[in-house]
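Here is what each chain is made of, one letter per residue.
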Amino acid sequence: MNGILNRETLVKWAPLIVLFILILFFTVLEPRFFSVRNLARIAISSAPALMVAIGVTFIIIMGSIDLSMEGTVSVSAVVFAFAFLALGGTILSWAWLALPLAVLVGAAIGFLNGLVHVKLKVPSFMASLAMGFVGTGFALLLTGGDRIRVEDEVFRGLLTERWLGFPVMVYVALAFLLIGWFIQSRTALGRNFYAVGGGEELAHASGLNVNRLRIMGFMLAGVFYAVGALLAVGRIGIAETATGNNFMFMSITSVVVGGTALWGGVGGVWNTLVGVLIVNVIGNGMVVIGLPGYVQDGVLGLLVIIAVVLSTDRKSVSFVK
Amino acid sequence: MTLERIKPHLPWITLLALVLIVGAADSNFLRPQNLISMTADIMPLFIMALGMTFAIYIGGIDLSAQSVANMTTVIATVTLPTLGIGAALVCIAAGLIFGAISGYITTKLLVPSFVSTLAVGGVAYSSAQYLSGQRALYMDAGLRDSSFGWMVGKTAGIPHEILVGLVLLLAMLFLQSRTTFGRALKAVGAGELAAVASGLNVTRIKVIAFALSGMLAAIAGLLFSVKLSGGSPTLANGFLLPAIVAVLVGGTPLTGGVGGVVNTLIGTLIVAVIRSSMLYFEIDATMQQMVFGIILIVAIAATIDRSKLRVVK
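For the protein sequence lines, the chains are A and B, in the order given.
Anchor point for the first sequence: position 298 equals 300 in my numbering, and the numbering is continuous, going up by one each time.
Anchor point for the second sequence: position 106 equals 759 in my numbering, and the numbering is continuous, going up by one each time.
Rather than coming from a laboratory, the hints here were simulated on the basis of the structure.
Just to be clear, a hint being listed does not mean it is correct.
[Said to hold, decoys possible] Distance condition first, Cα-Cα at most 35 Å in a straight line; then the derived DSBU-like pairs of lysine-lysine:
1. A:14 with B:839
2. B:961 with B:880
3. A:121 with B:961
4. B:966 with B:880
5. B:880 with A:14
6. B:660 with B:966
7. B:761 with B:961
8. A:121 with B:807
9. A:121 with B:966
10. A:123 with B:961
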């Protein structure tokens with residue numbers, strides 16, 4: 003009993019401890035790491051990733067997985083950019099409508115995703131992977147491989163306008179983190195995610211419409227991916243098919259490293275915040291102390307495996323596919 | 654049920670129908686020369702799909718195949734000047750090791766294969782970036798021809814890529830249908846718990862399945878790099894989706910246990926025909942990925958064995 007308690011305590015606090023150790027480690031090696039400038043840099047690269055990771059957190063809490071984020075982000079970004087330019091090209095005109103439109107597109111893709119998963123009874127990792135491929139393909143079809151520049155100064159204010167040293171997009175991301183936290187802890191939807199993740203058959207037996215819940219989960223995830231797409235476009239001022247690249251690996255890594263178990267029922271958006279920061283601190287820190295950036299993917303790969311192994315209760319899982 | 658009896662034959666019927674449809678639209682398509690060069694062009698993808706078949710056959714997936722192939726294009730290009738034909742051995746060994754690591758992490762550390770292979774793929778991608786110095790590399794033409802020229806030459810009008818693919822197919826077919834490993838693989842694919850209960854060393858079988866997947870992905874990368882005479886950490890990007898599609902439309906379902914390597918040959922040819930048909934029907938190349946994504950969804954839904962999934966997560 004004592005052993006289990008220890009493991010649980012360790013698993014609960016390990017991510018935060020790892021984050022502090024990493025920050026300490028990089029600061030000792032290179033004090034510039036802890037400057038406001040550099041912290042802002044970390045926050046900027048974390049903001050879009052955090053949105054996408056929060057989206058997939060809800061799905062993982064349900065015990066499912068969503069691998070469609072790259073396609074969803076690309077499509078939302080591209081549709082946003084086209085609509086934004088077509089409607090006037092500045093937030094101060096009707097072009098602001100492109101913002102909610104992008105979010106709707108994200109929700110629609112999530113809805114399709116959920117439908118394929120639930121109605122065709124296809125495991126979510128494969129349904130969503132395939133939908134992700136369709137999404138990337140659709141974005142490619144829309145752009146024909148071109149990049150679309152979004153140069154409106156008001157919209158780019160997400161990056162250029164700074165409060166207390168941090169750009170607006172960081173505060174936007176924090177606001178959506180709070181929304182995610184509200185959904186997770188204060189709504190029936192959030193509680194039901196945990197119920198399904200904790201034991202689907204039980205949740206079903208207690209009268210929950212699990213299929214409907216799953217579809218809503220994927221829609222909610224799609225909304226957060228779209229917000230991530232908007233921040234990603236705000237960050238570099240370009241929407242293209244490649245806007246979604248690398249979000250899959252980054253977000254799954256972040257969620258798992260943050261301590262949300264792949265088996266569902268455990269973790270939440272705060273874990274994901276810690277996970278995203280760990281991933282981005284490692285990425286930034288390695289560059290700051292002079293290591294080549296590409297080591298990052300390898301290190302993250304190892305980290306994911308350690309995190310999943312640590313969070314797996316080996317007594318309750320007999321085999322995995 | 655008649656549908657159940659037709660189902661195993663659907664892949665080759667689909668292939669035949671597609672060939673006839675495209676052939677009817679443009680008879681140039683049916684010229685033997687065209688069919689042969691189409692088959693030769695798809696061989697790197699076929700070899701990757703051949704490996705993927707083993708991972709899917711036991712109910713897993715190998716998302717690292719593309720990164721491993723990318724990595725071996727770099728390994729092949731970097732080691733060619735010093736090792737000559739020995740570069741092939743290094744590639745094969747690297748593929749085996751990366752695949753076996755995925756298998757070990759999946760079976761021993763209980764990390765689901767889509768995460769373990771994604772993570773191992775990240776490591777392979779990093780390695781490729783490191784080895785290549787983040788550049789596209791080119792093979793010296795003379796060195797390439799003296800060591801690997803036999804891979805891409807032609808004999809009596811048949812490109813050697815096809816022979817390489819055929820030899821690998823026959824080897825894997827032998828492994829699948831004539832060895833105890835093949836029968837054990839079938840047992841694991843049909844029902845893992847029953848296989849454990851009957852005393853099979855399931856861990857070993859699954860590790861070997863992933864190792865084979867890694868090895869064949871590596872060979873696919875090697876062949877591709879010889880074909881293009883170079884290597885880069887992103888050379889084989891775009892292989893993953895059609896490789897999975899090839900396995901599934903061939904009739905090996907995501908739940909494993911049925912199908913096999915011959916199915917994957919048929920599946921790969923279906924992919925090849927669809928690809929060239931888009932050319933003949935003048936469908937924009939930018940549509941291709943979307944089309945394959947949709948085909949993937951249809952293929953999964955049509956082949957998956959839902960009785961094996963108690964809860965669809």
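Q. Which hints from the list above does the structure break, by number from lowest to highest?
A. Violated hints (numbers, rising): 1, 2, 4, 5, 8; every other hint is consistent with the structure.
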